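As they're listed, the protein sequences go chains A and B. Oh and the first sequence: position 89 is 89 in the numbering used here, straight run, nothing missing. Heads up: take any position in the second sequence, counting from 1, add 1000, and you land on the numbering used here.
Just so you know, the hints here were simulated from the structure itself, not pulled from any lab data. A quick note: this is a predicted structure, and the numbers were derived from the prediction, not measured. Here a beta-carbon is modelled for each residue, glycine too, at the ideal position from N, C-alpha and C. Where hints are given, some of them may not hold.
Stated by the list, open to error - So these bits of chain B aren't anywhere near chain A, every CB distance computed over 10 Å:
| id | residue |
| --- | --- |
| 1 | Pro1008 |
| 2 | Gly1016 |
| 3 | Ile1026 |
| 4 | Glu1028 |
| 5 | Asn1051 |
| 6 | Glu1056 |
| 7 | Glu1078 |
| 8 | Gly1096 |
| 9 | Gly1103 |
Unchecked claim - Covered by chain B, per the in silico footprint, the following chain A stretches (three or more residues, Cβ under 8 Å):
| id | segment |
| --- | --- |
| 10 | 54-63 |
| 11 | 91-102 |
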Amino acid sequence: GENVEQHPSTLSVQEGDSAVIKCTYSDSASNYFPWYKQELGKGPQLIIDIRSNVGEKKDQRIAVTLNKTAKHFSLHITETQPEDSAVYFCAAREGGNEKLTFGTGTRLTIIP
Amino acid sequence: DTGVSQDPRHKITKRGQNVTFRCDPISEHNRLYWYRQTLGQGPEFLTYFQNEAQLEKSRLLSDRFSAERPKGSFSTLEIQRTEQGDSAMYLCAGAGAGGYTFGSGTRLTVV
């Protein structure tokens, strides 16, 4: 089955700076890669996703890049703000499969 | 509010007791998923429904666990004879044409 590794586990960034979180996956059949933000006491919230036929996707301050050859994908947050502080999870889904396999999460702290 | 409601938000139960959780997705969600999340980990897949049909179950879903979605709308997850290892956040997610929408989860503590 799919295995997703996520790094770093914790990340502290000065407000206004950029944050990068990286994930690798094991199954080359995976074709959908979402990123979720989870705040305390809440469920994960989808913030951006990318499919395997695209190398990069951007939505305002958030971008995701995908390298299918190396089987890794990254989340980039620019101009970070205090409200970006949360736990971020990457995930991967195999083609024809409904199950998402999640990484272990990155706790992002934005320092004012 | 994501539109996916879970009840209760918190449940404390004694070991050996049965518990049942409920999930109400929005009407457009023909697919419904249950995940379990333990502290410091990402969510782990438990089971998945397409309308009322349960199409996939994880090996994590032991015989003590059962899930239903009787009319293709709300879903219930029951855990029988709870064990301390069942303590976790149980997350429900609905999906239609778009991606998953998670509820806020039910936090189960088995004492």
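Fill in: Structure versus earlier hints - violations, ascending order
Of the numbered hints, 6, 9 and 10 do not hold.
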